[in-house]
Structures are given as structure tokens and as C-alpha cells.
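So you can see what is in the structure, the chains are spelled out below.
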Amino acid sequence: MSAPAVRREIPYRYRLMGTKCLNCGALFHPPQRICPKCGSKDLVEEELAWRGRLVAYTVIRRPPKGYEDYKPYIVGLIELKDGKLILAQIVDCDIEEVRPGLKLEATFRRIREDGKSGIIEYGYKFRPVIEWNWQKKPNPEK
Amino acid sequence: MSAPAVRREIPYRYRLMGTKCLNCGALFHPPQRICPKCGSKDLVEEELAWRGRLVAYTVIRRPPKGYEDYKPYIVGLIELKDGKLILAQIVDCDIEEVRPGLKLEATFRRIREDGKSGIIEYGYKFRPVIEWNWQKKPNPEK
Amino acid sequence: MSSKVAIVGVGCTKVGEHWDKSLRQLFLEASLKALEEADVDRVDAIYVGNMASATINFQQHLGALMADVMGMRGVDAVRVEAADASGSAAVHQAYMAIKSGQAQTVLVGGVEKLTDARPADVEYAAMMSERSEYVVYSGITIAGLNAIQTQLYMDRFNARYEDIVNFAVNDHRNAAGNPYAQFPFPITVERVLESPPVADPIRLFDTTAPADGAAALVLCPLETAKKLCDTPVVIEASVLATDGVNPYERDDVLTLTSTRVAAERAYRTAGITPRDVDVVEVHNTSSIMGVLALEDLGFVEKGQGWRFVAEGQIALNADLPTNTLGGLKARGHPWGATGVYQLVELTWQLRGEAGGNQVDGAEIGLAQSVGGLGATTVVHILRRWH
Amino acid sequence: MSSKVAIVGVGCTKVGEHWDKSLRQLFLEASLKALEEADVDRVDAIYVGNMASATINFQQHLGALMADVMGMRGVDAVRVEAADASGSAAVHQAYMAIKSGQAQTVLVGGVEKLTDARPADVEYAAMMSERSEYVVYSGITIAGLNAIQTQLYMDRFNARYEDIVNFAVNDHRNAAGNPYAQFPFPITVERVLESPPVADPIRLFDTTAPADGAAALVLCPLETAKKLCDTPVVIEASVLATDGVNPYERDDVLTLTSTRVAAERAYRTAGITPRDVDVVEVHNTSSIMGVLALEDLGFVEKGQGWRFVAEGQIALNADLPTNTLGGLKARGHPWGATGVYQLVELTWQLRGEAGGNQVDGAEIGLAQSVGGLGATTVVHILRRWH
Ligand SMILES: [Zn+2]
Ligand SMILES: [Zn+2]
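Chains as they are written, first to last, in the working numbering: chain A, 1 to 142; chain B, 1 to 142; chain C, 1 to 386; chain D, 1 to 386.
Don't read these hints as lab results, they were simulated from the structure. Only a predicted model underlies this, so the values are computations on that prediction, with no experimental measurement involved. Every residue gets a Cβ at the ideal spot worked out from N, C-alpha and C, and that includes glycine. Warning: the hint list may mix true and false statements.
Pairs of lysine-lysine residues, derived as DSS-like cross-links and limited to a Cα-Cα distance of at most 30 Å, are as follows [what the hints assert, rightly or not]:
no.	chain 1	residue 1	chain 2	residue 2
1	C	K21	B	K37
2	C	K4	B	K65
3	C	K4	D	K302
4	B	K65	C	K227
5	C	K302	B	K41
6	B	K65	D	K4
7	B	K37	D	K302
8	A	K81	A	K37
Just some of the chain C residues that point at chain D, by a computed CB distance under 8 Å [stated by the list, open to error]:
no.	residue
9	V80
10	A89
11	K99
12	S100
13	S129
14	L193
15	K227
16	C229
17	D230
18	T231
19	A241
20	G352
Just the calculated beta-carbon pair ranges, DEER-fashion [claimed, not checked]:
no.	chain 1	residue 1	chain 2	residue 2	range
21	C	P119	B	K103	18 to 24 Å
22	B	Y70	C	W19	28 to 34 Å
23	C	K227	D	P274	34 to 40 Å
24	C	G356	B	E105	55 to 61 Å
25	A	R110	C	R156	33 to 39 Å
26	D	K4	B	E47	52 to 58 Å
27	A	N23	C	Q304	18 to 24 Å
28	C	Q304	A	F108	41 to 47 Å
29	A	C38	D	R191	51 to 57 Å
30	D	G303	B	E113	41 to 47 Å
31	D	P274	A	Y122	53 to 59 Å
32	D	K226	C	G298	49 to 55 Å
33	B	S40	C	N317	45 to 51 Å
34	C	P119	B	K71	44 to 50 Å
Start from the sequences and build out the full structure, keeping to the hints where you can.
Here you go:
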């Protein structure tokens with residue numbers, strides 16, 4: 001992508017902004033200005049939930065141009081806590097450990113580098129949520 | 001262009017091969033298999049004349065991608081001795097010296113380099129014909 | 001203005017790696033065959049279906065370019081693009097050009113030339129059917145999107161991958177009898193499962209390979225067709241419908257709504273039901289897409305497609321002969337040409353010219369052509385004319 | 001099936017550098033205006049005219065994408081491409097879709113988003129209208145091809161460059177009154193001649209600049225149009241013709257045969273002669289193309305166009321008001337959108353809504369839209385309905 005195109009999409013990629021239909025409640029990401037479900041033009045920007053669970057996934061072994069250096073990598077379909085389905089790379093997780101149901105949270109990472117323009121694109125990927133076990137947490141006061 | 005595409009066009013670019021309509025005599029470069037002038041399918045490959053004269057030219061000062069390193073450069077419309085019009089870069093000739101009517105001959109040169117694929121493309125350009133003055137030619141026997 | 005539109009000539013090149021042929025030579029070869037069959041020298045309009053020539057071949061303006069190549073300067077000519085449904089979308093426009101009375105004879109050619117590029121460039125070009133800034137950006141491929149569909153389908157309907165891939169096995173069995181097929185040899189379920197993983201669970205032998213190819217049709221009003229040839233094939237319906245581009249923002253990830261909408265409208269226009277269809281071509285970029293197509297075209301209930309396929313009901317001699325000359329998997333999938341190949345092959349079936357792959361008594365054929373993951377579907381229903 | 005097709009709504013964005021708007025937002029903005037004017041919520045089909053989204057925006061499948069963006073999933077939608085005549089070619093398909101009876105209401109939008117790319121990438125993308133392996137390969141640009149035409153024209157007809165560039169000056173004068181124009185200010189012949197050379201003899205102020213923009217029309221049968229609005233504009237003719245792609249392999253380098261063929265057919269269909277035309281839009285990538293267009297459309301004899309222009313006969317208040325809202329030079333040239341902008345502007349003129357640029361009593365308008373150097377021409381003739 002070009003520099004202006006990258007800049008234009010920042011809110012939607014860095015802050016997970018989507019739009020919500022005020023008539024039927026549907027969420028859209030990328031943002032829609034007209035609701036394709038009910039036809040309403042009454043939509044507002046809304047930040048999606050940053051956490052969710054993995055519904056299904058695949059491991060990309062033959063990537064498209066721009067992604068060759070990352071292979072093999074996991075791409076998952078994630079159901080966010082607000083019910084929205086989103087497609088994203090799953091990182092900080094071995095291929096052997098990934099499984100449907102895994103709890104995930106959004107994180108911001110390097111997506112790809114355009115060798116020609118020198119632009120480095122950043123955006124959302126998802127990583128497993130680390131559940132702290134508060135019982136076992138080391139207590140520095142003790 | 002990709003490697004197979006470059007290889008495919010070699011005869012037409014390195015040997016100035018075109019096609020000639022056996023019905024109406026029209027010449028085509030790039031080669032046509034059906035004559036767009038008379039509809040005949042009776043065409044044969046024919047090598048174009050290597051010499052001709054400059055009909056009109058321009059100096060490209062804002063080049064497309066792949067040609068930036070060569071600017072400014074001259075592109076001319078050339079009428080070959082067989083009557084065919086062809087468009088090509090004019091080389092070995094200063095911008096100040098180029099003029100319609102100039103006698104030209106085909107020469108084979110580097111056209112452009114594809115940074116991504118590493119392919120270097122070669123093909124025809126045209127240069128001024130140097131007219132030897134035989135009278136004045138130094139005689140090594142003397 | 002014409003009541004019906006007929007196919008009076010068809011032609012195609014072999015699908016495969018044509019190192020020695022350019023985009024324009026492929027188009028010329030297929031088109032000359034179609035024109036010769038129709039015994040037509042010049043047409044009023046040319047429609048070119050192509051997806052990726054700008055990206056792979058650095059060439060646009062294919063309407064004018066192909067008119068020039070065909071020796072038909074002057075005629076009306078444009079390119080139509082709807083991702084890998086470009087070919088069938090071009091036929092749809094040609095159909096309307098004749099229906100409108102603006103053209104009497106039309107040449108439609110689908111052409112794609114992918115083997116000029118590296119595989120990663122082809123994957124990249126393919127993904128331009130999806131939303132560039134979001135879906136493409138995740139690094140997923142078409143096979144990857146099909147993989148997630150496959151996983152969801154397996155979970156919801158208790159299907160196994162080894163059952164689903166019978167779709168690919170059927171394609172290969174049929175391609176063995178097709179001299180124009182990219183992979184004209186049979187394979188087994190085991191061979192699919194042993195092939196390298198591309199996008200888990202999808203294996204290499206359950207995907208399409210980069211291919212070059214061109215296919216062409218000559219269309220005219222039925223009244224003219226009856227004079228031109230003994231076996232005109234009538235286009236009873238030509239319908240294009242769209243859906244949300246992102247498959248995960250549709251009502252159901254496992255329903256191709258565009259296929260349902262286009263098929264329902266096409267059945268109504270043709271005055272038939274799915275039971276009347278004798279031979280079918282569907283758009284299977286992987287087996288899962290073939291299974292979903294059979295369901296959403298109304299041939300089998302949602303969730304039962306995998307069983308229908310595994311039980312062999314799509315074989316040449318069975319209930320619903322499907323992809324009878326190899327389909328996307330084995331005839332091959334030169335994107336913008338594929339939708340036209342489907343109609344060339346159905347025409348052969350309806351004329352009784354499909355050789356060893358002939359479906360006995362085929363009278364009505366249906367082709368489903370898809371752009372991307374179902375954002376576009378074009379359905380054509382053809383009928384042999386008596 | 002309808003006898004006549006009418007325009008019932010038009011809309012466009014400003015032409016220029018829309019850093020903050022994507023391809024889909026531009027399309028949405030223009031289309032919503034057109035739909036609101038027509039008082040229509042949903043259409044049967046969407047046609048998208050676009051040249052370079054694959055090259056510049058890494059996005060294809062614009063038919064389905066824009067249907068989705070417009071909240072109209074399900075409708076028939078494709079992209080039509082004919083280089084920088086893509087917009088008018090899309091209108092031509094939409095016209096036939098209505099004529100054929102397959103659609104009752106159609107949205108056509110032309111859209112282009114070029115400022116996302118570097119200038120050299122834009123030049124490269126533009127050249128994809130020409131033959132990739134030969135003309136492009138010489139390193140020439142569109143301005144360069146226009147430069148050679150200019151040189152040949154000057155030689156043959158004893159014209160001077162300073163006479164020819166009056167075409168650009170006229171465009172700028174008209175654009176000054178158009179809030180949607182890219183360059184809404186007047187210029188002089190001197191300013192053109194003093195601007196930097198781009199491709200000798202052509203100067204920067206005689207060329208178009210990379211631009212973003214979208215324009216849209218809503219079409220329906222005239223019978224419906226009469227109910228929907230007070231001032232329907234009728235499409236009396238919609239004709240597309242092609243020519244050899246390489247301008248140096250045509251019978252005459254200085255004749256746009258596709259324009260001649262399309263115009264002759266259009267005049268015949270509309271039952272008019274060039275004398276009946278009140279207002280004209282032509283495709284001037286440089287002044288020379290505008291001059292050739294006036295000649296080949298039959299408004300002035302071959303070789304006399306430069307004089308006609310230099311004498312001011314194309315001014316708003318003169319014989320043949322041309323490019324009344326700025327033309328390609330000054331309204332701007334967002335390739336695939338340009339052909340639709342022309343028709344939006346003619347509609348304003350025929351409805352009497354062109355403000356300070358209104359041509360008194362304009363009843364008949366003609367638009368000439370060109371792909372590349374004339375390999376494609378689309379001619380539309382519009383008439384105000386009474
Ligand atoms: Zn809603
Ligand atoms: Zn000839």
C-alpha cells in the first residue's frame with residue numbers, strides 16, 4: 001500500500017474502529033457507511049472489542065507477495081466479545097498450540113514492508129491472552 | 001516484463017521481425033496474424049528494414065516507472081526504408097542535434113531493468129547513421 | 001430485439017503453461033475456433049473477460065487490443081471484470097447486448113495468462129478479489145479462505161476432509177477424457193491427503209494451479225442461429241448477483257447467498273427447477289466451494305453436499321454429472337477464462353460432442369461461476385434447441 | 001424493453017487530491033448524490049467504470065465491492081474497463097442493460113484514485129492502454145505520444161503550438177466557474193508556453209495531472225423517468241467503436257477513426273447532424289487531442305481545428321461551446337471517471353443548471369470519450385426532454 005492509503009486506514013487498523021448500525025445493531029469492520037443488512041444510513045463509528053476467541057484457523061504455507069518472510073504463519077477467524085467476526089494473523093503462538101476456542105487479544109505489529117516504496121505497514125494481529133494466576137503471583141511484599 | 005514474456009518477444013525485438021499481408025502488402029510490427037486492413041489471414045513473417053529516417057520526435061522529461069534513470073531521452077517516430085512507421089528511442093545523438101529527416105539505423109541496447117525480478121530487457125533503439133566519407137578515409141597502405 | 005440468445009460457435013485452448021504464447025495469441029486461438037464453427041468473419045461486438053492482465057501482463061484496454069488482434073478494428077469492444085467470474089460476467093454483458101438489439105453477432109472470449117508471474121505474485125493478484133485493506137492484509141490466500149470454510153463446514157456438519165475432497169477426485173476422473181485439461185489424469189483421495197499442505201487442512205491437490213488459457217463463444221439471436229447451424233444452444237437465463245465481499249460479514253459464512261439469488265432468478269427465468277438440470281459446472285477453487293455450490297444451487301440440502309459428493313452422485317453416470325470435463329481443479333482455472341470454459345463444455349454436452357465424457361440425453365445444463373469467495377455469482381442455464 | 005433510456009440523477013465529487021478518501025468513499029459520495037437526485041434507494045444493477053485500481057490501489061472486483069459499499073448486496077454489478085474511456089464504456093453497458101429489459105434502474109459510477117501512487121507509477125499505469133511489449137517499451141508516455149501528434153499536425157497543417165494550446169486556455173477559463181474542477185482558474189497562452197516542458201513540444205500546462213474523482217448517473221427507461229423527475233435527459237445514442245491500438249499503424253496518424261465511426265453511427269441513431277449539437281465535451285489529454293476530436297466529430301474540416309480553436313469558436317458564448325466546465329485539462333482527468341463527468345456536466349447544461357457557465361437554450365449535447373490514443377471512442381448524444 002502507498003503512504004496516503006496507509007495513513008487513511010490508521011483509525012481502523014490501529015484502534016480497531018468499525019461502524020455500528022443504529023437501526024439493526026450490526027457491526028462492520030472495515031467500516032460501512034450504509035448498512036448492507038437493513039439499508040440504514042444511520043451508522044456510528046465504534047471501537048470493536050479487543051478480546052475474543054478463535055473460531056477456526058489455517059496455516060499459510062504458500063503466501064502471497066509481501067508475506068514470504070513470515071511463512072508458515074497462522075491466520076484465524078476470531079469472534080470478538082461484541083460478536084464481530086474478524087480475520088487476522090495469530091502471533092506469539094506455536095502452530096502446535098493453536099486450537100479453536102483459544103482466548104485472544106489484539107496487538108499491534110508490523111504487517112509487511114513494501115520493498116519498492118520503503119513503507120512499513122503496521123496493524124492488528126491477535127495473540128493468546130495470558131491468564132495470570134493471581135494465587136500463584138509472586139508477592140514482592142512478603 | 002517477466003522472463004517468459006521477454007523470451008517470447010525476442011524475434012520481434014532483436015531481429016525486428018514483423019508480419020506482411022500477402023493480400024494487401026501491409027506491414028505490421030508487432031506482428032499481426034490477421035490483417036486489420038483487409039481481413040486476410042495470409043500473412044508471413046518478414047524482417048523490417050534496419051534503416052530509415054526520423055519523421056517526428058519528442059524528448060521525454062517525465063518518464064514512466066522503469067525509465068527514470070535515462071531522462072531526458074528522445075523517442076522518435078521513424079519511417080523505415082520499407083515504409084513501415086516504428087516508434088523507438090533515439091540514442092547516440094544529443095537532444096540539440098536531433099531533427100526530422102535524420103538518417104537512422106537500428107541498434108540493440110539495454111531497455112530497462114526490473115528491480116524486483118532482476119530481469120534486464122534488451123531491444124531495438126535507433127542511432128544516427130554515420131556516413132563514411134570514403135575519399136577521406138585514412139589509407140593504412142600509404 | 002430478440003427473444004432468445006443462442007450459442008453458435010465455441011472454442012478454447014488447452015489450459016496449462018503456454019510459455020510460447022502471449023495473452024493476445026491465446027485469445028486469437030480460442031476465438032478463431034469459435035468463429036470458424038459459427039462460420040462468421042466479423043462480429044458487431046467483442047467482450048473480453050479477464051481478471052489480472054494489469055497485474056501480471058502489464059496490459060489493459062483488452063477490448064480494443066483483441067479487436068485489433070482479430071482483424072476487426074472498428075467493432076464495439078470492452079473488457080469486463082468481476083474477479084475470477086470475469087468470463088461469465090462478459091458473457092452476461094454479451095447476452096444483454098444482443099437482447100437490447102444493439103448487436104446482432106457477438107464474440108465473447110475469456111483469457112488469462114498467469115504463468116508469466118512468480119507463484120507469490122499470482123497469489124497476490126488473486127487476492128485482489130477481496131478487500132485490499134483488510135482481508136488481503138491479514139496475509140491470507142484464496143486457499144486459506146477456503147481452508148477456514150472447510151474447517152467450519154467440518155465442525156458444523158460432522159464432515160471429514162477425506163469425504164469433502166472427493167470433489168477434486170471427481171474433477172480429475174473427468175479431466176482424464178478432456179484433451180484441453182491442465183491435469184488430465186485421475187487421482188485418489190489418498191493422493192490428495194498425501195500432497196503437501198498449502199493452507200491447513202487444504203492440500204495442494206485440493207487447490208487450483210496457476211494456468212494460462214482462453215475460451216470463446218459466438219452468440220447471436222436464436223432466429224439467426226437456426227440458419228447458421230443445426231445444433232444451436234439457447235441461453236435460457238443469464239443472471240449475475242452479488243454479496244458482501246468479506247465472507248465473514250455475511251449472514252452465514254457457509255452460505256453463498258449470491259449463488260442462491262442468481263440461481264433462483266435463473267430457474268424462474270428458464271421456467272425450470274433444479275431437478276430439470278442434466279449437467280452442471282460449478283466453481284470449485286477447492287472442494288469446499290464445489291460442495292457449497294451444489295447446496296446453494298438447490299441440488300442438495302445445506303449440510304448434505306459432502307455426503308452427496310462422497311457417495312459419487314456427481315459422477316458422469318450418476319444423478320447429477322458435475323464438472324464433466326474436469327472443473328476448476330483439473331480442467332484448470334485460468335481466472336477470467338474459466339466462466340467461458342464452463343459454457344464451452346456445457347455446449348459440447350448439449351450438442352452431444354463430449355466424446356467419452358458425454359452425458360446421455362443432456363438437454364439442460366447449468367453453469368455457476370464465482371468471483372472471489374462468492375461476492376459475485378453468475379448463473380447461466382443452457383438448453384439444447386430442437 | 002424500452003425505447004429510450006433517460007438520466008434521472010447525477011452526482012460527482014470534486015476532482016483533485018483526496019488524501020483522506022479511499023476509492024470506495026469517492027464512489028459512495030458521487031453515487032449518493034445521484035441516487036438522492038433520482039429519489040431512488042436501490043437499483044437493479046451497478047456498473048463501475050475504472051481503469052487502474054489493480055495497479056494503483058491493489059483492488060479489483062469493484063462491481064461487488066461498490067454494491068456492498070452502497071448497501072445493495074445482491075444486485076447485478078460489474079466493472080467495465082476500456083482504459084481512460086472506462087467510465088463512458090460503463091454507461092454504454094448500463095444503457096444496453098436497460099434497453100434489453102434486464103434492468104429497470106441502473107447506477108453507473110466512474111471512479112479513479114491516482115494520487116495514492118508516485119507520478120512515475122501513474123505514467124506507467126496510464127501506458128497500459130497502449131501495446132505493452134512495443135509502444136510502452138520505447139519509454140514513451142501519453143504526453144509523449146501527444147507530442148508526436150502535435151509535431152506532425154504542426155508540420156502538415158502549418159499550425160503553431162501557441163495556436164493549438166488555446167484549447168487548454170479555453171478549458172481553464174470554463175473551469176473557473178466549476179466548483180468541482182481540479183484547476184478552477186484561468187491561464188494564458190503565455191503561461192502554457194512558460195510552463196516546464198514535459199515531452200517537447202508539450203508543456204506541463206498542456207497536460208492533465210494525476211487526480212482522484214468519482215462521478216455517477218442513475219438511468220432508467222424514459223417512461224419511468226417522466227414520473228420520477230421534471231427534467232429527464234434522454235440518451236439518444238450510445239456508441240462505442242475501436243481502432244488499431246498503435247496510432248502509427250492506422251491509415252492516418254492524425255485521424256481518430258474510432259471517433260469518426262462512433263460519431264457517424266451516433267448521429268444516425270439520434271437523427272441529427274453535427275450542426276444540431278449545442279454543447280460538446282471532448283477528450284483532450286493534450287490540446288492536440290481536443291483539436292483532432294473537433295475535426296473527427298465533424299464540427300470542422302480536417303486541418304482546420306486549430307484555427308477554429310484559436311479563433312475562440314469553442315468558447316461558452318461562441319459557435320460550439322466545448323468542455324464547458326473545464327474538460328480534461330482543468331476539470332481534471334481521473335481516467336475511469338472522466339467519461340461519466342462529461343455526462344454529468346452535459347446533463348447540467350441540458351437541464352439549465354450550469355450556473356455561470358450555462359449555454360443558453362442548450363437542447364442537444366455530445367460527449368466524446370477516448371481510451372488511450374483513440375483505440376476506443378465512446379460517443380453519447382443527450383437531449384433535453386420536453
Ligand atoms: Zn442495519
Ligand atoms: Zn491485408
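Checklist line | Those earlier numbered hints the structure runs against, lowest number first | finding: 2, 3, 4, 5, 6, 14, 15, 16, 17, 18, 20, 21, 27, 32, 34
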